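Chemist: As given, the protein sequences belong to chains D and Z, one line each in that order.
Take the first sequence: its position 34, counted from the start at 1, is 36 in the numbering used here, and no numbers get skipped.
Take the second sequence: its position 17, counted from the start at 1, is 19 in the numbering used here, and no numbers get skipped.
These are calculated hints, taken from the structure and not from any lab test.
Just so we're clear, the structure is a prediction, and the values are computed from it rather than from any experiment.
Treat the hints loosely; a few may be bogus.
Since the list can't tell identical chains apart, any single copy or any two copies may satisfy a pair.
Unchecked claim - Calculated cross-link-like contacts (lysine to any residue; reagent style SDA-like; alpha-carbon spacing at most 25 Å):
hint : residue 1 : residue 2
1    : Lys-137   : Phe-469
2    : Lys-190   : Asp-445
3    : Lys-190   : Ala-420
4    : Lys-224   : Ala-178
5    : Lys-190   : Arg-417
6    : Lys-322   : Ile-419
7    : Lys-224   : Arg-417
8    : Lys-78    : Ala-362
9    : Lys-190   : Asp-440
10   : Lys-190   : Ser-456
11   : Lys-78    : His-42
Number of protein chains: 2
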Amino acid sequence: MNQPIASKFLRRQFPAALQDELQALLGVGRVSTAHAVREHHGHDESHFPDALPDVVVFPETTEEVVGVVKACAKHKFPVIPYGTGTSLEGHILAIHGGVSLDLSRMNHVLDVHAEDLDAVVQAGVTRKALNAHIKDTGLFFPIDPGADASIGGMSATRASGTAAVRYGTMKENVLALTVVLADGRIVKTGRRTKKSSAGYDLTRLFVGSEGTLGVITEVTVKLYPQPEAMSAAVCCFPNMVAAANTVIQSIQMGVPVARCDFVDPLCIKAINHHSKTTFQEKPTVFFEFHGSESSVKEQAETVQAIAADQGAEEFQWATKPEERSKLWQARHDAYLACLQLQPGSRIISTDVCVPISRLAECLEETEKDITASGRLVPVLGHIGDGNFHLCIIIDPNNPDDILVGEQMNHRLVERAIAMEGTCTGEHGIGCGKMEFMDVEHGDGVDVMRMIKRSMDPDNIMNPGKIFAM
Amino acid sequence: MNQPIASKFLRRQFPAALQDELQALLGVGRVSTAHAVREHHGHDESHFPDALPDVVVFPETTEEVVGVVKACAKHKFPVIPYGTGTSLEGHILAIHGGVSLDLSRMNHVLDVHAEDLDAVVQAGVTRKALNAHIKDTGLFFPIDPGADASIGGMSATRASGTAAVRYGTMKENVLALTVVLADGRIVKTGRRTKKSSAGYDLTRLFVGSEGTLGVITEVTVKLYPQPEAMSAAVCCFPNMVAAANTVIQSIQMGVPVARCDFVDPLCIKAINHHSKTTFQEKPTVFFEFHGSESSVKEQAETVQAIAADQGAEEFQWATKPEERSKLWQARHDAYLACLQLQPGSRIISTDVCVPISRLAECLEETEKDITASGRLVPVLGHIGDGNFHLCIIIDPNNPDDILVGEQMNHRLVERAIAMEGTCTGEHGIGCGKMEFMDVEHGDGVDVMRMIKRSMDPDNIMNPGKIFAM
């Protein structure tokens, strides 16, 4: 696994002068070429082999980021923004070499505007840190990828999580950004207003751009009132089609389900083992409802009636906050739990998303493929969004194993795209899904290239990600 | 008023061969140089003087749009997409001459996916036509600018309306687009899935680009389940600050208000006169609540209690569908009603949007400015979004009158931007608000120019709009 992936790519020569310039900017203590530090910044949660940056820098302000980017621009040397290293598609790998720009010291919540339901944070603030900071305001930030990712990184990958069915993804929840461009200029995109029609939507252009157009240093995100009442439930279904139908009908009836995550029996088994829970090993949906006391009750009754029609078992309720937290923490730890099914393994995590009307069909065909493969492949997903993940467990030291896993993902992506779906609902492209861009976007990839070329002509911003230049 | 604005601009010479080429493409019947047709396509709802296109074409398919754009590209001649001509900032004026590309014949609803809550429409379908088409599906499309605009045009201006506080704007409600680029290539942006992290968000780049990056020919929009219950109410407040506070507190408590529009006494007077209604001439909010029977009741009770604390009078309810329709149609006709306050007048419609915490302050300062001016200026707006409009009534034949109105808007925009607001919440920039782009976006305008230049190097797509090249 630790064979540098960079051997496949042209690695740019690290300019000797650049290190001196970076040290002059940030001081020796915040510029590291130590192998352990470079190694830490040379891999993410994906199964891809390490690709170490030449140097890691730790800026503390937007102006310091400007200094770093300008120094790199002068030498035409790659800049790779780094948040918490929890990306899933090799986003932060220095496949062409480069400076890893670690934003973890930019971890200040700059402003909370309770009346406006927004907060301004530095890019290195994590989602849990933000929620801890605002817990006494009566507000919360709902986007929750499995990891405690940085909000800058979540913006860069257009992340979502279990609550997107109700609260949307980072696309809907970023109001404004501060971005350092490839030429070192600072741009503030968007305003704190709820809407604007003033020109091109640069905020949305940077959200999901994976560091290839600039470095996000500050993010203004939407917050939401903590619901008066919340309740969560676990429900077992005879099969995943029944589960999908329940969710489709609930949404069509206008029930504002806050969360509805599907977990298959193998994944439940892994979760039970890892989190010491005792869920039944059956096709299961984790639900959560938010609203007033009476509205939560009404939502729950409606969904229970639909589920019963689909042959579901009784809902098991978790109404106390600590029970709810435990339930969703177990769900969030599913990835780690699946890793433990096979010691020493890594996971190829697929991420297709299809129109919800095609979800049951897509899941069924995929289940057949998994069965035919004879492999250990837990399935889970954000069923209300039509988004699900296979955790294809592989031995990272066995190239054949990796190949078989990648082929399974390839078939899945082809299936999803044929159903008007996308190869990635929330993880991003990184260097792992670039091969699917043409079939999904056609000439749209060329438009992306035009934009990239116009904003980063020397291709120094996280090169080798999303699409080849 | 009918002095061509084009006299201020360099008008490109209409290439004689282009007309023949367009006729060869579309036939003589769908290529018009008749003065009446050009005049109809040479003005919108703004107060700007006419600027007539050289020719108007009526394509019926995306492929025909490709033909028109390629012909124009060959001659480097402007292409100006035209929907219903209801833009408010001169978006469709042919200030440099050009071909007006009228999309009104592309008026087919191509697909309705009830399970997925989406519809695919040609760009010329209007919002009311879509709602009429889907009325038996139990779904509806909530975005409602005052005019019955085309969905292509609404996408191009990032429009919203009275229901954005709950359902969002076109930014949130467009899933995918078919766009013809300046070089004639067709790009399909986005997918029908609820989310995707696959590359740059081209959909959001074209939404709000006002025809300057390509011609939108098809739009996939989100639909919503018709609520089980809806009720609307009118409520008078002692002043606009009390009205704003009521809305802020309601939203902070998590009440999912569907609509809340503020109308000032002068605007009420105009509405009463135009729509034969009998609303009290006081600061008024029109509310609407959507949900289950019990949820609507609960929402209404919560908001009524907050309003009472703010000194509001009793809610006057409109629960029957026809009463609700009448109420909101009266609101939508406010613009026409205000025009009738002074025969022969035009309106400079301002459109600032501020963070909601600054709304009361912004309204108060603006009210002082209006009082000091001694002019007829009705005020109304989408108070839940922090977005409001002055209808500055002017005599279009009196340059001094226009200047005074434009100066009032200038002061308002400066005030709003100083409060972290935007010069336009929903109308767009067109050629009317270009002067505010630099102060609002700084170097962001340069990024927009880079993108424009990379995608439309000859500047043929609706030139002279949003920003100067």
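Chemist: Give a verdict on every hint.
Modeler: Okay, the hints, checked on the actual structure:
In the homo-oligomer, the alpha carbons of Lys-137 and Phe-469 never lie at most 25 Å apart, since the shortest distance is 40 Å inside one protomer and 42 Å across protomers. For a Cα distance limit of 25 Å, the shortest separation of Lys-190 from Asp-445 across copies, 8 Å, qualifies, whereas the shortest one inside one copy, 29 Å, does not. Taking the shortest Cα distances, Lys-190 and Ala-420 sit within 25 Å of each other only across copies (15 Å), while inside one copy they are farther apart (38 Å). In this homomeric assembly, Lys-224 and Ala-178 come within 25 Å of each other (Cα to Cα) both inside a single copy, at 10 Å, and across copies, at 24 Å.
Taking the closest pair of Cα atoms, Lys-190 and Arg-417 come within 25 Å of each other only across two copies (19 Å); inside a single copy the shortest separation is 40 Å, beyond that limit. For the homomeric pair Lys-322 and Ile-419, neither the shortest alpha-carbon distance inside one copy (41 Å) nor that between copies (45 Å) is at most 25 Å. For the homomeric pair Lys-224 and Arg-417, the shortest alpha-carbon distance between copies (23 Å) is at most 25 Å, but the shortest distance inside one copy (35 Å) is not. For a Cα distance limit of 25 Å, the shortest separation of Lys-78 from Ala-362 qualifies neither inside one copy, at 48 Å, nor across copies, at 49 Å.
For the homomeric pair Lys-190 and Asp-440, the shortest alpha-carbon distance between copies (12 Å) is at most 25 Å, but the shortest distance inside one copy (31 Å) is not. Within a single copy, Lys-190 and Ser-456 get their C-alpha atoms as close as 18 Å, and across copies as close as 21 Å, so both meet the 25 Å cut-off. Taking the shortest Cα distances, Lys-78 and His-42 sit within 25 Å of each other inside one copy (24 Å), while across copies they are farther apart (53 Å).
Going through the hint list in order, the structure does not satisfy hints 1, 6, 8.
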